[in-house]
Amino acid sequence: MTNQIVPHSDFLREFSQSKSGMAGVIILLSLTIIMLYAILAIPLESFRQWNNPNYWINYPKAAAPQWTNTGLFGPKVFEHLIMTLDDASITKIVIADNIRTEVHSYAVDFSYDSYPNDFMIPYSVKYGQIPPVLQVDIIRPDGIEFRIYYSSLPSSLAKSNENQFSSRIFSTDPIIAEYLRQLNDSFRYAQDSSKPQVMIFSDIQENKVLKGKYLIKETFYLFNDSDTVQESGLILGGRVYGLMGTDELRRDLAIGILWGAPIALFIGLSVSIGSVVIGLIYGVMAGYKGNRTDDGLMLINDIFYTLPALPLLVIMSVTLGRSIFLITGFLVIFGWAGAAKVTRSLAMKMKNLQYVEAAKLMGQSDIKIIFKHIIPQLLPLTFASIAISVPAAILGEAALSFLGLGDPSIPTWGQILHEANSASAASRGLWWWIMPPGVMIALTGLSFILIGNTLDSILNPKARKF
Amino acid sequence: MNIVIVLFVTLVMTIGLSGETMDKILKNTVNVDIVAQVNEGHIKFDSVQDRQKYLDSQKDLQYKSLGLNEPWYSPTRFFNTLFKVAILDLGNSHFFTTNSGSSSVRDIVIERIPNTLLLFATSTIVIIIIGLFLGPFVANKVGSIWDRMTSALAVFSTSFPTWWIGMLMIYLFAFTYHIFPARSTPLTSPSDVSYIGDLLYHMTLPFITLILVGFGSWAYIVRYFVEGVLSEDYITSKRAIGISKRKILYSHALKNAASPIVTIIALSLAGSFGGSIIVEAVFDWPGIGKLYYDAIGVSDVPLIIGLTYVFTLIFVISVFIMNLFYAFFDPRIKTA
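Quick note, the sequences are listed as chains X and C, same order.
Mapping of the first sequence onto the numbering used here: residues 411 to 876, in sequence order.
Mapping of the second sequence onto the numbering used here: residues 286 to 621, in sequence order.
Here chain X stands alone, though its shape is the one from the complex (with noise of 0.2 Å):
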């Protein structure tokens, strides 16, 4: 085959002109912006948090996204409504000496056809030796006011002065539900006090929704002048949340996606550099020298090519560890062979071509030739080898963590997916759990794929694609 180089002119026309290569590019290009957004915009905390269930307590369970929402294929349901100190209006009355309340209300305007899930009062008091009081009180759409919740904080063991308290109320305490059972006669049919959720948005009249505008009043009463409401909130748990919806573990899946995509790069390029570069040398090495240096080399890079290599991978992350660089090394070994072969036959026709055998009749040493006059030569096919084997690793990686063996610490597509899995979110009908992770994982394959076959196919017209 003959090698010539084309004109770099001429390339970018040649490859702007292919169909499949610019798809490919237009792929990869909204993907490194993707990636840009995921490490520019979203908090770094949300990625290091990925695995902490804490940190998502405030998100639903397993939600679909929100734009399905549409109220088109059925009932509208309830959007997952997070509220925080920054959404209350805070009023503060002083009604005696060293009594004080504080009125955190939320507004919340209620246009669904069903019932939110549950609902939480999260609330973070600082105060002195006499505990606060928290009471909430609801005002319905209708002018009825339900008090749901009465109870006095803990009160200070050590009779410090310096007490700190977060906690939940959630809308299955016992205490919600005891309000709420004397709240029973107001409706017309009978209600269920253990689903404060759906009595509290009931019309009272009849069995259905109560639609418009409630006022959740969460008020403190403090009894030192020191006493601080630091944190109040509602939290109305929804069946859909944001833009890709949350898992079983209440996390939210757009930003696992958002973060899966640098990884993804970086793993999927890292090998197949790595692979790629490992195998040139290999190759190389093994075509020039040829003879017995070449059988021995090439024994050695056979026995790679066929060890088979995901029941290795797992032995390999068992019992050493599952690092991603540790996985991005791994996944180098089984992949730096199917390159070192492609560079070897090319090397050994190129070893006959007159400029090399002029330096070597000049006295090169063969390092030299190597790596001035060989290498060189083949690094545009470089370029085009190591974009095609991009979607193998990417693959590779995703196997592994879908099999539980990725690296814990981070959110990898595959991780998602086995997560999916292990939940059985196929046979339950959670379906964005499954699509966007694979979808991604394909995307990004598929754009690697469609550059390298054009690069190749510009670069190399004679060579085969097998």
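Source of the hints: derived by calculation from the structure; they are not laboratory data.
Certain hints may be false.
Unchecked claim - If the Cβ cut is set under 10 Å, some of the chain X residues that face chain C in the computed set are:
| id | residue |
| --- | --- |
| 1 | PRO721 |
| 2 | LEU815 |
| 3 | ILE844 |
We treat Cβ as the ideally placed atom computed from N, Cα and C, and that holds for glycine.
Given the structure of chain X, go ahead and fit chain C onto it with the hints provided.
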């Protein structure tokens, strides 16, 4: 010959990587056994020290008889282990048993192998047959809509993980339309008469998935080589003689393109086989892939080692069979 080396290298790597862990497990079992024996037996000891002394001496004795007093990498131990792995004598699994209750690694693996072979052998054969028909068909119509569809399918199916397609299939056929069960482990017991039918019914969904994902790239490979052969002179002259197009395509062209095709399958088997392990886990198919997945989940090291070996063995045997086919199609090559 290479194949034997591959098997050997895999074994050495497996033992090298897991030797220490295995030793730990073995010693642990010995210790537990001895303590249990002493607790149950009626040997009286004067003091705690005496008891400990007796335990230690028993431990040493047992270690020596098992060869555990030497490190795992000492030559005798090493080859001993190699041999033990080769005959799957890996002791007991901690978490899994066979249907009859045996927890020996060998029994568990042997019980599961037929299911794996059933699923993958049948689907591979169907994929090959589809590929051999579809490939020449589209090679004859390069550039047609069928041709483009095959190429597109090939590119797509190489970039999608097979097991992910499996999850989508479960979503579609088990959740949305209740046609097939989501879990492929049959509910009837293996001794039941209807077991075979039940097993086949549960096999349908993974079977369809494997074929759907596999046949595209296959047909593409066949098409690629057949197309190359079609431009050769002898095909043109055969056409000139008046041999029917169909016969040229499926008999002459396919036969001449056969040897590179067989090589490609032998080599691409590695990747697809790896994916297949996970397909079992997704579908809960009761084969060794699912067992592997579960063993990894609970870190059952003896079972993981045994299965790694079995997977390598199956892989090596398939490559060997492919080589036989290769020799059959290309008589110039004689493989052992």
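Hint check:
Interface restraint check: X:PRO721 against chain C, minimum CB-CB distance 4 Å, threshold 10 Å, status holds. Restraint check, X:LEU815 versus chain C: the minimum CB separation of about 6 Å is within 10 Å; hint holds. Because the beta carbon of X:ILE844 sits about 5 Å from the nearest beta carbon in chain C, less than 10 Å, this interface hint is met.
No hint from the list above goes unmet by this structure.
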